[in-house]
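Single-letter residue listing:
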Amino acid sequence: MHDFPKQVLLIEDNPGDADLIRLRLIESRTQLDINCVNRLSEGLASIESMPPSVVLLDLNLPDSQGSETFRKVLEKAPGVPVVILSGKEDEALAMKAIHQGVQDYLIKADLTSRTLERSLRYAVERQAVLRSLEMSRKQQLEFKDQFLSHVSHELRTPLTCIHQYASLLFDGLSGPVSPEQRDHLQTILKSVNQLHAMIRDLLEATRAESGKLRIEPRCLALVELASQAVAMIRPMAIKKRINLQLEAESHIPLVYADPDRVLEVFINLLDNAVKFTPPEGSVTIKLSQQKTDPEFTYVTVTDTGRGVSPEALPLIFERLYQDPDSVDGNRSGLGLGLYIARELINLHGGRIWVASQPGHATTFTFNLPVYSLSKLLSAVIVHQQRLRESIVLVRVDLKPLASPVRGNWKEVCHECLNLLRRCVYVDKDLVLPAIATNGPEDTFYIVASTDMERVNIMITRILEQLRVLTHLKSIGTVRAMARQVSLSSEMQDVSVEQQVERVAENITEMVLTDLRTMNGFNKKETNANAN
Amino acid sequence: MQTEKGKNDTPNFSRAKILIVDDDPELRMALKLRLRANHYETVSAGDGYSAIALAQKERPNLIILDLGLPAGNGFNVLKRLQESDALSHIPVIVLTARDPQSNELRSLDSGATAFFQKPADNNELLQVIRASLRSASAWGTTLPC
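Sequence order for the protein chains is F and B.
Our numbering puts the first residue of the first sequence at 4, with every later residue one more than the last.
Our numbering puts the first residue of the second sequence at 519, with every later residue one more than the last.
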């Protein structure tokens, strides 16, 4: 019923085996296009130029051995069925191959034309079934995505109406309100906010599932973010007489993370901790570095709650997981918070886990990658094992016209960052990730490893494009300036890594000096305006 | 009617005229009450077509715009406003139940000055209205005092 695969790619270095397999194939079918190569590199090239219907693969080739061979073929041809032909029985290797997506593992000595023919035919068929399953899974996810986005829109409209009218009443805009009525209205508004948060979580969880969750990492001081989260949770903790504290080791390095998303995770963990800790207990959030793992900063949130049972531990980060013993009258929410938290931390390249002593305490721990300028820099400023000769630091200032609106200004800055990335020379310049500052204006830095003349061309282009962006109505002034980064002469004797390290230090120093003077400048400006 | 906190910071913008565009009459009414309590003048429209007509006739100082509208959705309204020399300077705040991830940047790209998802925090919204009116006036629009 189904056609036998027509184009067979045989990757086999032993001429005797190759002839034998070719013979077996021709015995079974007459019209076959068999392409035989004897190196993996040739096989991969052939897959790229013309994908075959099926790949017959020997594992031990002159340029690749064992599992490495099928890993590379699968990577090159994700949709093409692969059948391994091996000289020896190796059940462990065969299982590994099947688990990674290989369709069959055949032993050369056992081959007859009939078994080979059947194996190839089924391999192609299985691959087709797999593909259609994957397609329908994707379609279903897409459908779920659309459905939820539609539903959440429809739910938000009446929710907004409740919110608007309740807050009109609450604010006394429809006449005087008694303290009792105010109290009731407050309860309505609180519930509206809960409902709103649930709708948001529902959408976020679906996004996480379909891989559409996005983060925008910048260079970030975790301590500030943690204090912000603690300040937000404190009223709730005070109400329950829970001692909420923040402990941070000194010298916590900057991390590379999305501030809004990490704040979300902090709040989620703290909120849970306070919720599950009895009155008079304590919740502690702690930031630390571990000597064994200097590339990450660790955050722990520890409570003195009743803990998590050993059976629940592996399930706690799963979607819709809810504590079955949670009968304290609290509304528990959808059970998506920790799932979203885990997805967000994973997207940052970190990990999150939990440990608990039932009846005593629970500790959630997660880590985030430390921001490393030298790691980012080495890709652009090292050329042919040498530091490039000229390194220029370009600074682009953006000031809003009026007092900025946080959400809007954030989007404006995001757009600017994208624009800057389009203006720089690929592989030669690097737009540094934004540094979280408190000020309303944003400053962007570009490390350029091109000569001054080209830097000037780049700056002209940046300024032109920034002015063209019509929707950036709220931008007041744009300024750009460039400075040479000094490369000291003694650097000749040290390794390239150390040179990059020093250049990174120089640049960091320049940026920090800049930001310090800029803050002073702004304060003066504000004073002048106030007068 | 009572005056809300923060209103006194910028008394000269309070008489500005705001066009509310939303297809839900109850939401239009709630927004109108909120804005009037803050001493703004309001006019309102329930669809894209009358939004443009009203903008031309009334020349509002600011527009609050929903995205899902009959007779030309919010993006069409933004486009029409941008194309008109007389109206393109008016700041537009998008206030919608739609998802920010797929609509926020698109709105800003189409000419909106700010994006809010419903239900929006009233104080934040009022703050943005004030800021937008200030920057609009700095860009050369005259406001009634």
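Just so you know, the hints here were simulated from the structure itself, not pulled from any lab data.
Be a bit skeptical, because a hint or two may be false.
[Claimed, not checked] Taking beta-carbon pairs under 7 angstroms as the criterion, some of the chain B residues facing chain F (in silico):
#1 P543
#2 L545
#3 L551
#4 E559
#5 P588
#6 A589
#7 R616
#8 D617
#9 K636
#10 P637
#11 N640
[Claimed, not checked] Dumping the calculated SDA-like pairs for lysine to any residue here, alpha-carbon to alpha-carbon at most 20 angstroms:
#12 B/K550 / F/L176
#13 F/K147 / B/K550
#14 F/K215 / B/K550
[Claimed, not checked] Which bits of chain F does chain B cover? Going by a derived footprint, with three or more residues having C-beta under 8 angstroms, they are:
#15 193-206
#16 342-354
Since we're looking at a predicted model, the values are computed, not measured.
Every residue, glycine too, gets a C-beta built ideally from N, C-alpha and C.
Quick rundown of the hints versus the structure:
1. P543: violated (10 angstroms)
2. L545: holds (6 angstroms)
3. L551: holds (6 angstroms)
4. E559: violated (17 angstroms)
5. P588: violated (14 angstroms)
6. A589: violated (18 angstroms)
7. R616: Holds, about 6 angstroms.
8. D617: Hint on B/D617: holds, closest Cβ of chain F at ~6 angstroms, below 7 angstroms.
9. K636: holds (4 angstroms)
10. P637: Hint holds; B/P637 Cβ to chain F Cβ min 4 angstroms, cut 7 angstroms.
11. N640: holds (6 angstroms)
12. B/K550 / F/L176: With Cα atoms ~12 angstroms apart, B/K550 and F/L176 stay inside 20 angstroms; holds.
13. F/K147 / B/K550: violated (36 angstroms)
14. F/K215 / B/K550: violated (37 angstroms)
15. 193-206: Coverage by chain B holds here, the residue count being 3 at a Cβ distance below 8 angstroms.
16. 342-354: violated (count 0)
Of the numbered hints stated above, those contradicted by the structure are hints 1, 4, 5, 6, 13, 14, 16, listed in ascending order.
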